[in-house]
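Chemist: So the chains spell out like this:
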Amino acid sequence: MIEVRNLQKQYEDFQREPHHALCGISFEAAAGEVFGLLGPNGAGKTTALRILSTVLQPSSGSAKVDDLDVVTQSDQVRHRIGFVSSGTAVYDRMTAWEMVEYFGHLYDIEDAVLEARMEEIFDRLKMQDIRDRLGGKMSTGMKQKVSIARAIVHDPPVIILDEATAGLDVLVARAVLEIVADLRDQGKCIIYSTHIMREVERVCDRVAIMHRGKILATGTLAELRAEAPAGVKSGEMEELFFDLIQKAEASQTETALDG
Amino acid sequence: MQWKNVRLIFRREMRDQLRDRRTLFMIAVLPILFYPLLGVSFFQIAQFLREHPSRVLILGYEGTGGNLPELIRQDRFAVASGEPSSATSVQLELLPLTRLAFVRRGEWPDDDNLTAEQSKIVNRQIRALMNRYGCEAAVCFPPGFFKELESYPVRFRNHARKASQKPPPAVPRPLLVYDDSSDKKVLAHARVDRALTDWSAQVGQESLAASNLSQWAARPIEFSRFDLAEDADKINVSLWSKILPFVLLIWAVTGAFYPAIDLCAGEKERGTLETLLTSPARRGEIVLGKLFTVMLFSITTAILNLVAMAITGRVVMSQLKDLAAQADVGPPPLAALFYLALILIPIAALFSAVCLALAAFARSTKEGQYYLMPVILVTLPLILLPMAPSAELDLGFSLIPISGIVLLMRSVMEGTISELWPYAFPVLLITFSCCYLAIRWAVDQFRSEDVLFREGEKWDLGSWLIQSVRYRRPLPTVQIAVLCGVLILVLKFFLEATVDLPSTPSGIAALSLATFSWKAILLPMLTILGITLVMTFLFTGEPRKTLALRRPPALSLLAAAILAICLYPTATMLQMLISQTYAIPQQMQAMLEAVEMKLASGPGWVALILIALVPAVCEELAFRGFILTGMRHSASGQPERRWRAIVASSLFFALAHGILQQQISAFFLGLVLGYIAYHAQSVWPAILYHLTHNTTACLAHASGGLKWLENQHYLAAGLLLGGLLLGGALLLYFGRLDRQRSGPLRLDTPAMGSKPV
Chain A
1 MIEVRNLQKQ
11 YEDFQREPHH
21 ALCGISFEAA
31 AGEVFGLLGP
41 NGAGKTTALR
51 ILSTVLQPSS
61 GSAKVDDLDV
71 VTQSDQVRHR
81 IGFVSSGTAV
91 YDRMTAWEMV
101 EYFGHLYDIE
111 DAVLEARMEE
121 IFDRLKMQDI
131 RDRLGGKMST
141 GMKQKVSIAR
151 AIVHDPPVII
161 LDEATAGLDV
171 LVARAVLEIV
181 ADLRDQGKCI
191 IYSTHIMREV
201 ERVCDRVAIM
211 HRGKILATGT
221 LAELRAEAPA
231 GVKSGEMEEL
241 FFDLIQKAEA
251 SQTETALDG
Chain B
260 MQWKNVRLIF
270 RREMRDQLRD
280 RRTLFMIAVL
290 PILFYPLLGV
300 SFFQIAQFLR
310 EHPSRVLILG
320 YEGTGGNLPE
330 LIRQDRFAVA
340 SGEPSSATSV
350 QLELLPLTRL
360 AFVRRGEWPD
370 DDNLTAEQSK
380 IVNRQIRALM
390 NRYGCEAAVC
400 FPPGFFKELE
410 SYPVRFRNHA
420 RKASQKPPPA
430 VPRPLLVYDD
440 SSDKKVLAHA
450 RVDRALTDWS
460 AQVGQESLAA
470 SNLSQWAARP
480 IEFSRFDLAE
490 DADKINVSLW
500 SKILPFVLLI
510 WAVTGAFYPA
520 IDLCAGEKER
530 GTLETLLTSP
540 ARRGEIVLGK
550 LFTVMLFSIT
560 TAILNLVAMA
570 ITGRVVMSQL
580 KDLAAQADVG
590 PPPLAALFYL
600 ALILIPIAAL
610 FSAVCLALAA
620 FARSTKEGQY
630 YLMPVILVTL
640 PLILLPMAPS
650 AELDLGFSLI
660 PISGIVLLMR
670 SVMEGTISEL
680 WPYAFPVLLI
690 TFSCCYLAIR
700 WAVDQFRSED
710 VLFREGEKWD
720 LGSWLIQSVR
730 YRRPLPTVQI
740 AVLCGVLILV
750 LKFFLEATVD
760 LPSTPSGIAA
770 LSLATFSWKA
780 ILLPMLTILG
790 ITLVMTFLFT
800 GEPRKTLALR
810 RPPALSLLAA
820 AILAICLYPT
830 ATMLQMLISQ
840 TYAIPQQMQA
850 MLEAVEMKLA
860 SGPGWVALIL
870 IALVPAVCEE
880 LAFRGFILTG
890 MRHSASGQPE
900 RRWRAIVASS
910 LFFALAHGIL
920 QQQISAFFLG
930 LVLGYIAYHA
940 QSVWPAILYH
950 LTHNTTACLA
960 HASGGLKWLE
970 NQHYLAAGLL
980 LGGLLLGGAL
990 LLYFGRLDRQ
1000 RSGPLRLDTP
1010 AMGSKPV
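Here the protein sequences come in this chain order: A and B.
Per our numbering, the very first residue in the first sequence carries number 1; after that it's consecutive.
Per our numbering, the very first residue in the second sequence carries number 260; after that it's consecutive.
It is possible that some hints are incorrect.
What the hints assert, rightly or not - With beta-carbon atoms standing in for the labels, derived distance ranges: (1) I843(B) x G136(A): 57 to 65 angstroms; (2) N6(A) x V288(B): 51 to 59 angstroms; (3) D703(B) x D169(A): 35 to 43 angstroms; (4) V288(B) x A30(A): 50 to 58 angstroms.
These are calculated hints, taken from the structure and not from any lab test.
Remember, predicted model here, so these are calculated numbers, not experimental data.
In this text, a Cβ means the ideal position worked out from N, Cα and C, and glycines have one as well.
Sequences are here, hints too, so could you generate the full structure?
Modeler: What follows is the structure in structure tokens.
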């Protein structure tokens, strides 16, 4: 469903140095799977997701969504994805219903089908009580629900969630994770980026640990735990994460000193 | 392009804006409130003027009596002239002349007017009295003034009868003391002046009547007047044709600006833009949807202002009928308003696209609002330029964006469009071309990762300069290139203002060739070169690449020289067209001729060095070296911005020239120079082209110009066409140069955009 091969993205920072936001990452994600991108801030998760959603262009490498290239077939790709950003971005002066309806129309869904689909989504996400509320008067949790509703209104096979629980309280975060699990059960391919270990353990089938634009490890949680070196507390995802990061930092320092 | 998406985005943006109270206030409420408030203020002022008479001090009024017309009745003027009448608008404070110490001391001369020194003393004493009695003006009648005035006809007749050689008797002059330092005092001055002038005229008339003379003696010729303008129009049309385009355009900019900021910078700030970009709507569709929204608000704002102004104007005029009749002002003609609204569409499209592109560039709504002032500052001179009395719609004006459309609006209102309609085509062509370019710019902004995901960090010039020097990159960035161009223009301006060059042809002629060459040519050119070199070594790590000094293919040098000769007839033709379209003022023409004569006064090789060699080296290193190299810089993975680089370097090159006519031809020359320097990846062909072009011009001028071609039309056309064909072929050769050598041109190491995440 999603195939990323040697994806690179370079920017330039103010010191005129090339900044490698992505250093040739590769991964795959299948339908009915939640693929997690786990990493600290600045790891390159958002850049990778923006490339997958066709907002940014890669410097090199390739990325395919449902066998469609994100650069050359970006129009078709956008029809097959739903994107939820970390900013709980909703229009302040539109109601929940209007917002989801607007995106439904952009996805060219017929009115009758759209209405039925929206009723179903509003029921499933428990949003009926806020359907006529303006975005500016919603709580953060309500806004994120609207974002998810907007992203799934066209029933896309791929859903991309970029730190979807950032800034949400525990209850709403839990509800969002339940929605993600529910979507996975419906056979959607979900890319879920986060820096929270517990969320990965709870919802992701496979995970890629990212740091400074590189993937340090990929696999199911069981595989990652099994590959954990001696000394890392067995079964502790967080310990494994820190161990990988420390090794990456040490290796980078060594390379810099050699260079 | 899916119009369905454009329509959807347009509808959403419209709904969004209509729910925004700030936008609604700016677009609808403000115009509806503004003009009535203005009207009310106008009433208040008029009322104030009616109800608040000016206080005027009268010194030495002894009463007119006898045969003189009455001047003062109690504490008012008896003369009722002006609106409001001086009889009610002036309150008088009458004091005897003895209140002046000057008079009490008996220093007022008996038989003559006051000397300047005496006047000064009297004025000082009168000012003290004015302050004490709260008066804004004063009139001081000399002792015995009225008696002398009354007896003047008799005295004059006696004098005439005696046929004396002495000058005729004079009447002492009263003093009118005023202080124009404030509006209130200016008004008092005007009122008292009018009353006294009218009284003086009455005295004259009555004197003529008493002498059995006709009024004809005082006003021998009375002209009949006939205004060719239709009765209904009169001055009215001329007045409205200046006011309405100004009001419409200013409100069209304002009406476009605020929605554009909210729809772009606001959406970026709220994070919804990223969401929209992941939807099936393409960037062009998003821009068009937003553009139509901004356009509609721009048009609505302008029209609402127009309507509110017309209604308020009508109400105010009907209330102040006398004032309106005096000023010959009526409501604007309805048909003209309709045509104005029609012309508003392209101008609103232009402003909307420019505002949208600027708004897309802004990181936040706050930053976006800072861009309003530059937009107004650029627009205002273009709106005000056609207000000049001599400005009328011609080819020259029709090619100037915004100014052309203002003049078109004026001619529609003044009813001269039937004569000037051929110029409507270039006006609309230029407006639509600018509109198209602005939309392209807006779409580019929406495609640029740098712009869409710019970080919201605070930018300040100081730290940017320090960082730019500390972390020098091999080649200049776009910002550094722009800074170089701006510095060249600013320093050149101040240099020209401070260098003591004569401003008359005779002054130029009086200068020695060495002094003239140094002040007029070498100093400005060395300034351009100096700035370029300082910036190269300060901001870049690879001066040779920055100034594009790499060795080009030998053939390209030869091609550049031949190209300059081939395109010379075209350049000459272009200069002629420009001079015909924008005539050079006579004084400027005389100065140019003086400069040519001065340069011709020395040896030929000196003129060639000054006119050909020095500008070719200095200007090319600056404009086709530093600035072109900086402007071609592009974001990561993006192709180089060829035309942006060529056009921007040409613009700076053009602006560095002195007069408009030179600037226009320099711009086109800059395009060719930029093109060959870009594709040759070297400044040398551009230097050679510039050198050959200027040398050819020098030699042609020395040999009497191209006058010998004037009567040989076929030969001239042949030279022009032949030159163009060969020139075109050579430009094609340059276009293929970089492809032959190393594929797509990359001057820099992989260029990268600013960090977006």
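Chemist: Quick check: does the Cβ-Cβ distance between I843(B) and G136(A) fall within 57 to 65 angstroms?
Modeler: holds (59 angstroms)
Chemist: Please check whether D703(B) and D169(A) have a Cβ separation lying inside 35 to 43 angstroms.
Modeler: holds (41 angstroms)
Chemist: At the C-beta level, are N6(A) and V288(B) separated by a distance inside 51 to 59 angstroms?
Modeler: holds (57 angstroms)
Chemist: Okay, V288(B) versus A30(A) on CB: inside 50 to 58 angstroms?
Modeler: holds (56 angstroms)
Going through the hint list in order, the structure satisfies each hint without exception.
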